[in-house]
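**Q** These protein sequence lines are chains H, B, G and X, in that order.
Just so you know, this note's numbering puts 372 at position 372 of the first sequence, and the rest follows in order with no gaps.
Just so you know, this note's numbering puts 314 at position 314 of the second sequence, and the rest follows in order with no gaps.
Just so you know, this note's numbering puts 12 at position 12 of the third sequence, and the rest follows in order with no gaps.
Just so you know, this note's numbering puts 242 at position 242 of the fourth sequence, and the rest follows in order with no gaps.
Keep in mind that the hints were calculated from the coordinates and are not lab data.
You may find that some hints are simply not true.
Here are the computed lysine to any residue pairs in the SDA-like style, where the Cα-Cα straight-line distance is at most 25 Å [stated by the list, open to error]:
| hint | chain 1 | residue 1 | chain 2 | residue 2 |
| --- | --- | --- | --- | --- |
| 1 | X | K36 | H | D133 |
| 2 | G | K46 | H | T281 |
| 3 | G | K36 | B | E172 |
| 4 | G | K46 | H | D133 |
| 5 | B | K308 | B | Q320 |
| 6 | G | K193 | G | P205 |
| 7 | G | K193 | G | V212 |
| 8 | X | K228 | X | D333 |
Read off the chains here:
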Amino acid sequence: MTVDTAATSTGDPAAREPELVQLLTPEGQRVPHEYYDTLIEDITAEDIRGLYRDLVLSRRIDSEAVALQRQGELGLWASMLGQEAAQVGSGRALRPQDHAFPTYREHAVAWCRGVEATQLLGLFRGVDQGSWDPRENNFHLYTIVIGAQTLHATGYAMGVQRDGAIGTGDPERDTAVIAYFGDGATSQGDVNEAFIWASVNNAPVVFFCQNNQWAISEPLERQTRVPLYRRAHGFGFPGLRVDGNDVLACLAVSREALQRARDGEGPSLIEAFTYRMGAHTTTDDPTRYRLAADLEHWRLKDPIERVKAYLVRGDLVDQQFFDDLDAESEELAGNLRTACRALPDPEPTSIFEHVYVEPPPTLLAQRDEMAQYLDSFAEQEGPR
Amino acid sequence: MTVDTAATSTGDPAAREPELVQLLTPEGQRVPHEYYDTLIEDITAEDIRGLYRDLVLSRRIDSEAVALQRQGELGLWASMLGQEAAQVGSGRALRPQDHAFPTYREHAVAWCRGVEATQLLGLFRGVDQGSWDPRENNFHLYTIVIGAQTLHATGYAMGVQRDGAIGTGDPERDTAVIAYFGDGATSQGDVNEAFIWASVNNAPVVFFCQNNQWAISEPLERQTRVPLYRRAHGFGFPGLRVDGNDVLACLAVSREALQRARDGEGPSLIEAFTYRMGAHTTTDDPTRYRLAADLEHWRLKDPIERVKAYLVRGDLVDQQFFDDLDAESEELAGNLRTACRALPDPEPTSIFEHVYVEPPPTLLAQRDEMAQYLDSFAEQEGPR
Amino acid sequence: MTDTTPASAEKPASARLTVVKAINAGLRRSMENDDKVLVMGEDVGKLGGVFRVTDGLQKDFGEDRVIDTPLAESGIIGTAVGLALRGYRPVCEIQFDGFVFPGYDQIVTQVAKMHFRSGGRLRLPIVIRIPYGGGIGAVEHHSESPEAYFAHTPGLKVVSCSNPVDAYWMIQQSITTDDPVVFFEPKRRYYEKAEFDLDAEPELPLHSSRVVNQGTDATVATYGPMVKTCMEAAAAAAEDGRSLDVIDLRTLSPLDLEPVYQSVRRTGRLVVVHEAQRTLGIGTEVAARVTEECFYSLESPVIRVTGYDTPYPPARVEDDYLPDLDRVLDGVDRALSY
Amino acid sequence: MTDTTPASAEKPASARLTVVKAINAGLRRSMENDDKVLVMGEDVGKLGGVFRVTDGLQKDFGEDRVIDTPLAESGIIGTAVGLALRGYRPVCEIQFDGFVFPGYDQIVTQVAKMHFRSGGRLRLPIVIRIPYGGGIGAVEHHSESPEAYFAHTPGLKVVSCSNPVDAYWMIQQSITTDDPVVFFEPKRRYYEKAEFDLDAEPELPLHSSRVVNQGTDATVATYGPMVKTCMEAAAAAAEDGRSLDVIDLRTLSPLDLEPVYQSVRRTGRLVVVHEAQRTLGIGTEVAARVTEECFYSLESPVIRVTGYDTPYPPARVEDDYLPDLDRVLDGVDRALSY
Ligand SMILES: Cc1ncc(C[n+]2csc(CCOP(=O)(O)OP(=O)(O)O)c2C)c(N)n1
Ligand SMILES: Cc1ncc(C[n+]2csc(CCOP(=O)(O)OP(=O)(O)O)c2C)c(N)n1
Ligand SMILES: [Mg+2]
Ligand SMILES: [Mg+2]
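Same shape as in the complex, but just chain H:
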């Protein structure tokens, strides 16, 4: 027999897409919104140009990294193509004291947090497993084990609570934490436990789910039969869906949720409805499992194009702006290329460093064993 897995009461998820918060249409038209407009009323044309710049430059970093992988400079890359607005919108809603816990795909959030693009490459080149200092940018290391970071974020937020860094009204003190994860991740026990911990402890954490419709080859229907933002309601905190390709809407809803957190009002879930326009990673071949037409459909919703259209239509930019940005973009990419190639390979014995803060003698003996072994070649002509 064929198992009928369709939810009789709810039908196909795509067929019943709920309202999503949108402030900028794919055509670049500003959609007024009674509430969310107030959250971005301070945003000037200059700011929007800034957001546009973020989108363009972070995409450029991403595409350069894809190219570097093709050239053999990186072992792998997880492209965020198509998800720039979700990442820049939420990333720019963060205050310096806020803290972000990413997956492996939050390159534009990293950009917003001031992490050097080159630093992102180490993990994918295979020279390290995270080369930036999370204490500097309040941007945690990339986490590959799906969902694990959502508990870290929640625990971190519990620490923030204990430090009295919420609800004081001091905008430079009150601190929110944001946890990034994908649609696939929502199926992991850890993510659900994070929801529970956060709600029971009323922790200042925002769960930011980039629903890019795919977990590698699995479409959203394999993870849920209702829109993901609704999960939050079952755990007792607010959840909403935002147009993840609309940087203004993402900014507005993130600001709201982060401020709730900073004010001590607890967690929220944001489902940024977006699309993974590229492959899952550079080793993936999406033509095996999805239709080209789908991609075309989403290309029309491109997160960058709509901001460009808005800027142009509103006469908020001139050609010079675009030309400058192009130049900046190419320079960034060029620097990235150069810096990537210059990333040094680690020393063999470096693998014994930082296994422990206080390394035991037994491990140091293994290090010496390796060093001696390697020396034995140096003494000879070379390896046999």
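With chain H held as given, fit chains B, G and X with the ligands onto it using these hints.
**A** Showing chains B, G and X with the ligands alone in chain H's frame:
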């Protein structure tokens, strides 16, 4: 600072108890219900006497087991005192072909499934880890690792689906699975994954949560800030709260949910709102963490008293019935006592049995090693 | 069989297959032979798995038998338990070694113990396939060797194939085993090829090791991806006039050490080689047992040539972490220098 | 300190404490000394833990520092990671040995690796307390000895105390360690007592083993609950005119085997004793290393006296599963009969 963990928007869970399905008040008054009455309209006075008998006898088994533990005959016992209605109501809603996956506390469900009371004792006496055959009673082994069985139930239900044993309309074929778990268990990743698997696969499984208000010493607020039945909505299937001390209501809602499952309409969550009237287990001392007044409050809602009141008030029983039941009850307890004491200790080398279906030579060698070692004492006078 | 499985009928009995294709063929055979066999995991369906091990199976056997699961390993194993209790024989894929741990509780507390707990009444014929090991330049969590975590767990059987022929037979043997089997696939040998007869009988039972090179000077015991490395080492040693007995352990729990004991009684020296970290790696158990059994024959302590006791390092330095031909030979030298 | 901790001020410096009370006192001291120290787990607050190890701490240090968590071990460990990243020093309680596995992924893939992954930038000073071992007549999952699963994991430190004095100091030392420490508490020795000075200095650093009985005929290495058993065995052996060196390993990762090597060089025989199953148990690593280091001194292979390779059995037969005085002596006999 003191962390404020209260959910601002939702307040204290107890203060906002939602409507629960109730068909029989604590005073034994029948509450009419437009829909749920139809689900138990076949229930005769004889049936209610039968339910009463189930409640009384299963409680007697439970109290006898507590006594046996006190006498040193059992290492431990997890009393279900106060939860009889939830268990008998759901247990009696099962059809022979249905399948139940319990925790360690479902003694009355076991009773309904025809598991011999003595068979429940082996685990707690320490002579085995489950002595009944789940294939005989469709009552799975007790599971102590919190939540693990909910995934087993869901997988089993997926098997039922694959066997084409749902939605055929044949009342002897269509099969539902029921997974029991506690309020504390809802925090485990596994339980949430079971919700997701069940909903995505539309599996014929009923999640039956006995919310007895406590997970050992932790009150419900440590697991959730909203009523537990609402969790289901976030995953996209129905959830409801029933008076867990009302056997008729538990029967009705379980019948509904099980039939949905058998009909191929997918999973449901039932939150049976009840109370653990005893200690968590015989090693627990609840006076350390809860008020006697609480217990008093719940004593008034006793699941057995209300059925008795209903039977007496409706003149559906005579004294003989109660006398007979008393006698049956004492006989059952007496037999249980005798049978418990007669449970043989396992042979030492039995620990090597059933580790594998096909035991490897290395393990058999260890068995021989033990046997030889034990023999060496037999040859001497006794152990040195 | 039926028209749902057209591919196999046309397939020639003898074929030149990679490890990937051999496991695929073995899965296909198993599914044809027993319609209770299911394949489940992340991306195993339409995509055919990230390594294409399950390629084409969903197309031919349908979505009910080849299940793209939600993204959660505990859910994969836990529902497989339920399916097995219902009479199915699930073959679960864990996408990469480092991702088995969210499913570890279900494996250790449920899968490993159910038969025992039930006094033999319940059986869980579940296979858990895990592509493992390094040397492929991957990012963290994608190159680990967690086999000892499973071999330390009573109730589980643990095997690792090292070549296409074994891959083909061992997956089928694992599926017909009534005990749960953790099946480790040497991912960096996925594209090694061999020509063999798909219709022949398997040469050996599942839980047996095999002498893959005959020698007299020292014994090398290994498994999975390191078998090839050790064979290369044996070839290099032969050029230097040293002959090595190389044993492919194949089964890690139970271990089948009789051939190792026999060899060590002749050679007096044993080198155990694996990628996993040294402390409490499989080599440790081999060393302890061989020392127990062959105490008077050993002329040197058992030498463990393994990964180091560090997390798996970044790809650009993995070659220094992993045992290679030279480190194996160095181990042999050390054994011989006693 | 402040008025939140009145109890300690009144306490006499010297006290006769059980292991439970000693750990409690150690936790209390640590919390007084560093207000970043948190205690978290199931039932650790109002109840004081099912064994009362955290008794009174919530009352004195408040609900922010002694946290009754939701019922989920992955959540406990995962949020502890976050708290540690924020500068706290969480001490997590796992209620029983068999329940650590739902938290195993966070421990193995996150806790153990964060310092390494971050190139040393991040530290996770987390202590994971696990009451472990059998002999208390408990139901399944409540009597296991999972220490080897952790000792096989680089990045973790693993210790086990065996008596009140060590319990008191080792918990404090674990809490001040900047590496994650898995702290195994010998639950069947929880009520053993000792009188000692709470204000003295610890005799030994955390990661060191200790010779607890001097002897010349054979060496016995053990840890945790088996230390008492081995001491009894040593006493019984003494009556038979045999003297045993008994070493309490105390630290399981890293192992501190120097005292074992020294002893074995004198005695030529080693028996390793633990409750955990034999295959890939801690004894296996001890055996392998001692054989490597003391090859020419050993007159017998290292004898492993351990639990068997079965799931932990029902309570009424656990005495046959667990090593006892007689099995230890039998192991010594076997070592001496070579
Ligand atoms: C625990 C675990 N299991 C499996 C994987 C392999 N894996 C990597 S990414 C991925 C899909 C993730 O999907 P989603 O959460 O939607 O995030 P996206 O990649 O779409 O951004 C999988 C299965 C993993 N990294 N971790
Ligand atoms: C994974 C796991 N963690 C911890 C425990 C210890 N434990 C046993 S029962 C229990 C509380 C369970 O509470 P709940 O789910 O509400 O069920 P109840 O006992 O109230 O029926 C705990 C923490 C366990 N059995 N399994
Ligand atoms: Mg996705
Ligand atoms: Mg409960």
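**Q** Against each hint, give a clear statement of whether it holds in the structure.
**A** Status of the hints after comparison with the structure:
{"no.": "1", "hint": "X:K36 <-> H:D133", "in the structure": "holds (22 Å)"}
{"no.": "2", "hint": "G:K46 <-> H:T281", "in the structure": "holds (17 Å)"}
{"no.": "3", "hint": "G:K36 <-> B:E172", "in the structure": "holds (23 Å)"}
{"no.": "4", "hint": "G:K46 <-> H:D133", "in the structure": "violated (40 Å)"}
{"no.": "5", "hint": "B:K308 <-> B:Q320", "in the structure": "holds (14 Å)"}
{"no.": "6", "hint": "G:K193 <-> G:P205", "in the structure": "holds (22 Å)"}
{"no.": "7", "hint": "G:K193 <-> G:V212", "in the structure": "holds (17 Å)"}
{"no.": "8", "hint": "X:K228 <-> X:D333", "in the structure": "holds (19 Å)"}
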